[in-house]
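The primary structure of each chain is shown beneath.
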Amino acid sequence: MKDSSRILLFSAVLAVICALLLAGSTLFTAPYRQANEKAEELRNFLAVLGAPVQELRDSQELLELFTRDVRVKTLGRLTLYEYYPDSGGDAKPQAVAVPFTGMGLWGVIKGVIALQPDLRTIKSISFYQQEETPGLGGEIASDWFRRQFENKQLASADGQAGFRVLKPGGQAGPAEVDGISGATMTSQRVELMLNNLARSIAEERQHYVQ
Amino acid sequence: MSSSTAVSAAPSAAKWKKTLGDGLYTANPITRQILGICSTLAVTNRVDKALVMGAALIFVTGLSNLFLSLLRRLIPNRIRMIAEMAVVSTFVIVIDQFLRGFYWDISRQLGPYVALIITNCIVMGRGEAFALQNPPLLSLLDGAANAAGYAMMLAIVGIFRELLGSGSILGITLLSSAWYVKNQLLVLAPGAFFALGLLIWIFNVINPPVPRETEK
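Chains as they are written, first to last, in our numbering: chain H, 2 to 211; chain C, -2 to 213.
Be a bit skeptical, because a hint or two may be false.
To be verified - In the DSBU-like style, the derived pairs of lysine-lysine whose C-alpha atoms are separated by at most 35 Å in a straight line are:
(1) H:Lys124 to C:Lys12
(2) C:Lys15 to H:Lys111
(3) H:Lys39 to C:Lys46
(4) H:Lys124 to C:Lys46
(5) H:Lys39 to H:Lys124
Stated by the list, open to error - Which stretches of chain H does chain C cover? Using the computed rule of at least three CB atoms under 8 Å from a CB of chain C, they are:
(6) 12 to 25
(7) 34 to 48
(8) 145 to 153
What the hints contain is simulated information worked out from the structure, not anything from laboratory work. Every residue, glycine too, gets a C-beta built ideally from N, C-alpha and C.
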């Protein structure tokens, strides 16, 4: 009996020490980690909008570019990030980014889509946070998958709001892209996410004034 | 490893030197013990990744060895392994958080491999084989030396792969793409197998293993 109480006492003390160490390091690094995550998000927003993020050296410059060239606007339930590359000199934004989230197969997928000012034509898309299976669903983050979206419409041919991720190999229409072989679940969930997005954008489109 | 000596007396200078030499070279974890291969294959396509990974392992192995050695007479034998895991994973999470806070880019490129240090055989192996039988400072040296031996091999593989695969070292272009055709194979995972296999072969030719039965 003495032996097991010693084990209990030892585990309890060790657990408390480890927990204190972990809590301390988490608290200490939290502001820096959050700043980095925020900068990462801004970098993705700027990248889909077509801003020259490759030339930036650090998160300070990133933030400067973002505050200078991007205007944040609320439209109903949507948050729009309008891109004015000439510091607001243009009447129309060059592109509008709309972030979206949804459940993937293993975890939350966060992405951002850049549209032309008509809020219909896709400029580019990025899935910047995802935990899909590497090599299968994880391919949503790869260039070949993302490039398919360029110049597609966020509405199907008959004007209905909607977007389809097809089985790979078919002929993809203007509101369709090829899905990923071996990642049907991820493809379906991405499709659902984009459909929800297309629907909320369609609801708000007529209220959109630049 | 031979570490069955009594622990009461302060270790001699020769013992310090042997511990350092074993970890770095004679019993190098990669070329001799063939431990920690998974991360060696994964994070060596660029030198900076290899260096950061090596530094993270030096931190984790050194400190967990120090801690385990301090606790070595208190840890009940029946929960020895789980206590080791708790100590090791604490330090791994600390270094992972630190990298995410201060070296975001490299932390993103290393992906899950920093967190996977928890499963790196070198860390647990040094704890089990050395720290539980030896005094704290010597254990700290043993952990750091083994991890430095690991880091050294990672750097060598990294230099080889980055130079031939991307034509650069630490991002500085050395082999101009004007006349050098980059070997993509070395950037990808299979290239790591070739590079590491060659490295282990070379080191075993230079420093052949001592037959086990003559030990001690």
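Okay, the hints, checked on the actual structure:
Note on H:Lys124 and C:Lys12: the hinted pairing is violated, with a Cα-Cα distance of about 65 Å set against a maximum of 35 Å. Between the alpha carbons of C:Lys15 and H:Lys111 the distance comes to roughly 52 Å, so the proposed pair goes past 35 Å and is violated. As the CA atoms of H:Lys39 and C:Lys46 are separated by approximately 23 Å, the hinted pair is consistent with the 35 Å bound. Distance hint between H:Lys124 and C:Lys46 is fulfilled; the C-alpha atoms sit about 33 Å from each other, no more than 35 Å.
A C-alpha spacing of about 23 Å is found between H:Lys39 and H:Lys124, which places the hinted pair at or below 35 Å, so the restraint holds. Look at the region 12 to 25 of chain H against chain C: 6 of its residues bring a Cβ nearer than 8 Å to a Cβ of that chain, three or more, so the hint holds. Interface restraint, the region 34 to 48 of chain H with chain C: holds (4 residues with C-beta to C-beta distance below 8 Å; minimum three). By the rule of at least three residues with a Cβ nearer than 8 Å to a Cβ of chain C, the coverage given for the region 145 to 153 of chain H is violated, with 0 such residues.
Hints 1, 2 and 8 from the list above are not met by this structure, while the remaining hints are.
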